[in-house]
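Peer 1: What follows is each chain in one-letter form.
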Amino acid sequence: AQRVTQPEKLLSVFKGAPVELKCNYSYSGSPELFWYVQYSRQRLQLLLRHISRESIKGFTADLNKGETSFHLKKPFAQEEDSAMYYCALLLYSGAGSYQLTFGKGTKLSVIP
Amino acid sequence: DAMVIQNPRYQVTQFGKPVTLSCSQTLNHNVMYWYQQKSSQAPKLLFHYYDKDFNNEADTPDNFQSRRPNTSFCFLDIRSPGLGDAAMYLCATSRVGERSDTQYFGPGTRLTVL
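Respectively, the protein sequence lines represent chains X and B. According to this note's numbering, the first sequence is numbered sequentially starting from 243. According to this note's numbering, the second sequence is numbered sequentially starting from 123.
In short, the hints are calculated from the structure, not lab data. Given the structure is predicted, the values throughout are model-derived calculations rather than measurements. Please note: incorrect hints may appear among the correct ones.
Said to hold, decoys possible - To be clear about the criterion: a stretch of chain X counts as covered by chain B if any three or more of its residues have a C-beta under 8 Å from a C-beta of chain B, and this derived list gives those stretches:
hint, region
1, 287 to 293
2, 341 to 354
As the list claims (entries may be wrong) - To list a few chain X residues with every Cβ distance to chain B over 12 Å, as calculated:
hint, residue
3, 258
4, 269
5, 301
6, 321
Idealized CB from N, CA, C, for every residue including glycine.
Assemble the whole structure, with the sequences as input and the hints as a guide.
Peer 2: Now the structure itself:
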């Protein structure tokens, strides 16, 4: 069965410290993975997707098929990074549409 | 701005009293999704519409129904809400045909069942 695991419910780091939010997945096919972010009182929104190999707001994430991981990293945390982060796996659900399976999320708290 | 709108943002209903949550979008996306998110849990897909085709998740209770009268609107109907249905309900949209399509989320409706 497809599954996304985020082992840390809460992660606290000091401002300027490196951040790594862990995500592991279980999927027999070729995975397509995303990170979504939800800032306080705002809607869930896409942060980045692995196929774009992009860096958004200083965050990067590399797909490691050997370790079935897609960890989110940032070298220097900022206070505005404090938010809830969800890792998600995209699955084909038939009829031309796709669905996301989300991890339980990690709350990142950046301490000034 | 093009966006996904959910009304109301907060809904209170009584145990067993039918309730309808609404979602509208100005993105002209083909696919609309409804997710349920309980406290400290991941969003869980209930069902989605691809145009007018309804796709129900296998474990979505029969108590939950959906309607999509046109491209822009989609409704979530809970026929007889139980205490366990209290949750945040998220609507999302995406554009069909792109494998890595981004899903755009609404702000959610928080449902309280008394």
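Peer 1: Against each hint, give a clear statement of whether it holds in the structure.
Peer 2: These are the hints, each one checked on the structure:
| no. | hint | verdict |
| --- | --- | --- |
| 1 | 287 to 293 | holds (count 4) |
| 2 | 341 to 354 | holds (count 7) |
| 3 | 258 | holds, 29 Å |
| 4 | 269 | holds, 15 Å |
| 5 | 301 | holds, 16 Å |
| 6 | 321 | holds, 23 Å |
Hint compliance for this structure: no hint is broken.
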